[in-house]
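Enquirer: Protein chains in written order, with our numbering: chain A, 374 to 486; chain B, 22 to 134.
Bear in mind the hints are in silico, worked out from the structure with no lab data behind them.
Just so it is clear, the structure is predicted and the values come from calculations on it, not from any experiment.
Where a beta carbon is used, it is the ideal one built from N, C-alpha and C, also for glycine.
Incorrect hints may have been included.
[Unchecked claim] Here are the in silico distance ranges between beta carbons for each label pair:
#1 A/413 - B/37: 27 to 37 Å
#2 B/38 - A/469: 34 to 44 Å
#3 B/90 - A/378: 18 to 28 Å
[Said to hold, decoys possible] Output of the computed footprint for chain B on chain A, the stretches with three or more beta carbons under 8 Å from beta carbons of chain B:
#4 410-421
#5 467-477
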Amino acid sequence: DAKTTQPPSMDCAEGRAANLPCNHSTISGNEYVYWYRQIHSQGPQYIIHGLKNNETNEMASLIITEDRKSSTLILPHATLRDTAVYYCIVRVDGYQGAQKLVFGQGTRLTINP
Amino acid sequence: KAGVTQTPRYLIKTRGQQVTLSCSPISGHRSVSWYQQTPGQGLQFLFEYFSETQRNKGNFPGRFSGRQFSNSRSEMNVSTLELGDSALYLCASRRTITADTQYFGPGTRLTVL
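So that you can see chain B by itself, here it is in the shape it has in the complex (with noise of 0.2 Å):
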């Protein structure tokens, strides 16, 4: 079975552009989460979605938002660029709103110059 999976990997932008990423969870999985990673602040947790609907949130500006489709696939979207929106931005999923683990992506690693 594939695992959670984001795209893109790599991202170069300037700041105050926006940018959107993308995750697709392990199949069957239907809960998201987003979280950031940075050098200075570790790993800190941005949102969860569940049946297209955000059931949590972190300590973040209203720059960071997110959604999730039908499909169980999620985007977030970060606009007005700030240079230290640089981080990793990780995704993880879980087969539903009650499961235990949460199994993470890759990343999609993200510089904003």
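Bound conformation, chain A alone (with noise of 0.2 Å):
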């Protein structure tokens, strides 16, 4: 049922970009692309989701391939606090408005002072 593959593990210096890949080579045309992210076995915070455009908000940037089989996001300026691990998920559509979120293994990113 899996429809994401993320690199279990990346590293990041302080204060640069955070680029983490996705690739969702299944996905189907009407199924959006979500990120959110999860620190220390809290609940998983969401952090933006888009469809076919790129997408933009206060925390980070996502960029879909124009084929959407595969996605980054950008975390422009990455803080000691955005150490996490990342899940790239798939929003599957349900009957009348359902939802669920298919989660993938999730990248650990890890922010180096």
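Combine both chains into one complex, guided by the hints.
Expert: Here it is in structure tokens:
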């Protein structure tokens, strides 16, 4: 049922941009890509989502390739507090608005001082 | 505005017992979803409720059940507990059945001995 593939771990220097890749080659045309992060086994925190176009908010940017088979989450200026597990997720919609999030295995991002 | 709250935060049970977990969504949110997180399987969708009706269900045995009340609070029940049910159980809420973003609670850590 896994729809996304991510590297298990990445490192990034504090203050630099962190670029987290995700492959979702089997994604369907109407399925959204979401990113959440999880710190110390707390509940996942929403970051951003998109369908086809690139998206940006106060936390991050999401770049989705034209064929929608992969995407990249960009944290523009990483801080130590961004150390977390980042999940690339496909949202699968069901009948009458029902949704489920299909999580990948996540990337453990470590921000180094 | 208060976030999603889950009670209890920690729970220890023995095999064969049953357990009930509670979730209060963000005020005004009417959809509640449940997820199970284990080291081996990662985060997996259990079910979603809206307007007291189950709208979506994941691939879990019938021992896992849930319900939603008229005030949108939700409970999930696991009967005849097995060792493999040890997990972090996460609840997420969204405003309506068409809203895009799910907001997660801190989870309930269930340990089955």
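Enquirer: Looking at the structure, which of the earlier hints fail to hold?
Expert: Number 3 only.
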